[in-house]
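**Student:** With the hints as extra help, turn the sequences into a complete structure.
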Amino acid sequence: IAMGFALVTVLMAAGSLNLSAIVEGQAGASFLSWYFLPLFPMFIVYLVSGVAETNRAPFDVAEGESEIVAGFHVEYSGMGFAIFFLAEYANMILISALTATMFLGGWLPPFDFAPFTWIPGICWLVLKIALVLFTFLWFRATFPRYRYDQIMRLGWKVFIPLTIVWLVVVGLWMRTPLWLWGGGS
Numbered sequence: 395i396a397m398g399f400a401l402v403t404v405l406m407a408a409g410s411l412n413l414s415a416i417v418e419g420q421a422g423a424s425f426l427s428w429y430f431l432p433l434f435p436m437f438i439v440y441l442v443s444g445v446a447e448t449n450r451a452p453f454d455v456a457e458g459e460s461e462i463v464a465g466f467h468v469e470y471s472g473m474g475f476a477i478f479f480l481a482e483y484a485n486m487i488l489i490s491a492l493t494a495t496m497f498l499g500g501w502l503p504p505f506d507f508a509p510f511t512w513i514p515g516i517c518w519l520v521l522k523i524a525l526v527l528f529t530f531l532w533f534r535a536t537f538p539r540y541r542y543d544q545i546m547r548l549g550w551k552v553f554i555p556l557t558i559v560w561l562v563v564v565g566l567w568m569r570t571p572l573w574l575w576g577g578g579s
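In the numbering used here, the protein residues as written are 395 to 579.
In case anyone wonders, no lab produced these hints; they're calculated from the structure.
Even for Gly, the Cβ is constructed at its ideal location relative to N, Cα and C.
Possibly wrong hints are sitting among the right ones.
Unchecked claim - Restraint ranges, calculated between C-beta atoms of paired labels, are given here:
| no. | residue 1 | residue 2 | range |
| --- | --- | --- | --- |
| 1 | Ala535 | Ile487 | 14 to 24 Å |
| 2 | Ile558 | Ser471 | 28 to 38 Å |
| 3 | Val559 | Arg534 | 26 to 36 Å |
| 4 | Phe434 | Ser410 | 31 to 41 Å |
**Tutor:** Laid out in structure tokens, this is it:
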């Protein structure tokens, strides 16, 4: 739910549901025009919720250390097991691609001058996806595993109220002359 609300703020800022229009709405002289800056709390909520959505540590409750071997995966072997893990990694790549597109300027270079503009847009997008994937791995290696009640508290008592409040703040902010990121209005 919090992940969806975080995306709604991006859609409000861009004024469109089209991914190309969202990336074009982040075009500017530098990375300071990307949506991660004005929507930084939503960027963090989306990133952490993405890690939780992909069932990666520290949010992998079903595969806890207290479980035998790999939790519910112990019932699968061979191709069934491989498909589960391929699906998990495909989900990580999808969440990373959406994060790069919605918050990090998609295929836009960080600066709008040479030599940055010489590099093809797909290279920038892949680099940003790799950066988000690195944060997934960093989360896994850094933070301890959360208990189920801690994950629920984080989602329901922190992320959802924060996203709702920030949704209202962004809506009001977009109506003022202080909104510098185009789109919306």
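**Student:** For each hint, tell me whether it holds in the structure or not.
**Tutor:** Hint check results:
Look at alanine 535 against isoleucine 487: about 19 Å separates their beta carbons, and that is inside 14 to 24 Å. A beta carbon spacing of about 44 Å between isoleucine 558 and serine 471 contradicts the range 28 to 38 Å that was offered as a hint. For valine 559 and arginine 534, the hinted distance range of 26 to 36 Å is satisfied, since their beta carbons lie about 29 Å from each other. At roughly 21 Å, the beta carbons of phenylalanine 434 and serine 410 sit outside the given window of 31 to 41 Å.
Checked against the numbered hints given earlier, this structure breaks hints 2 and 4; the rest are met.
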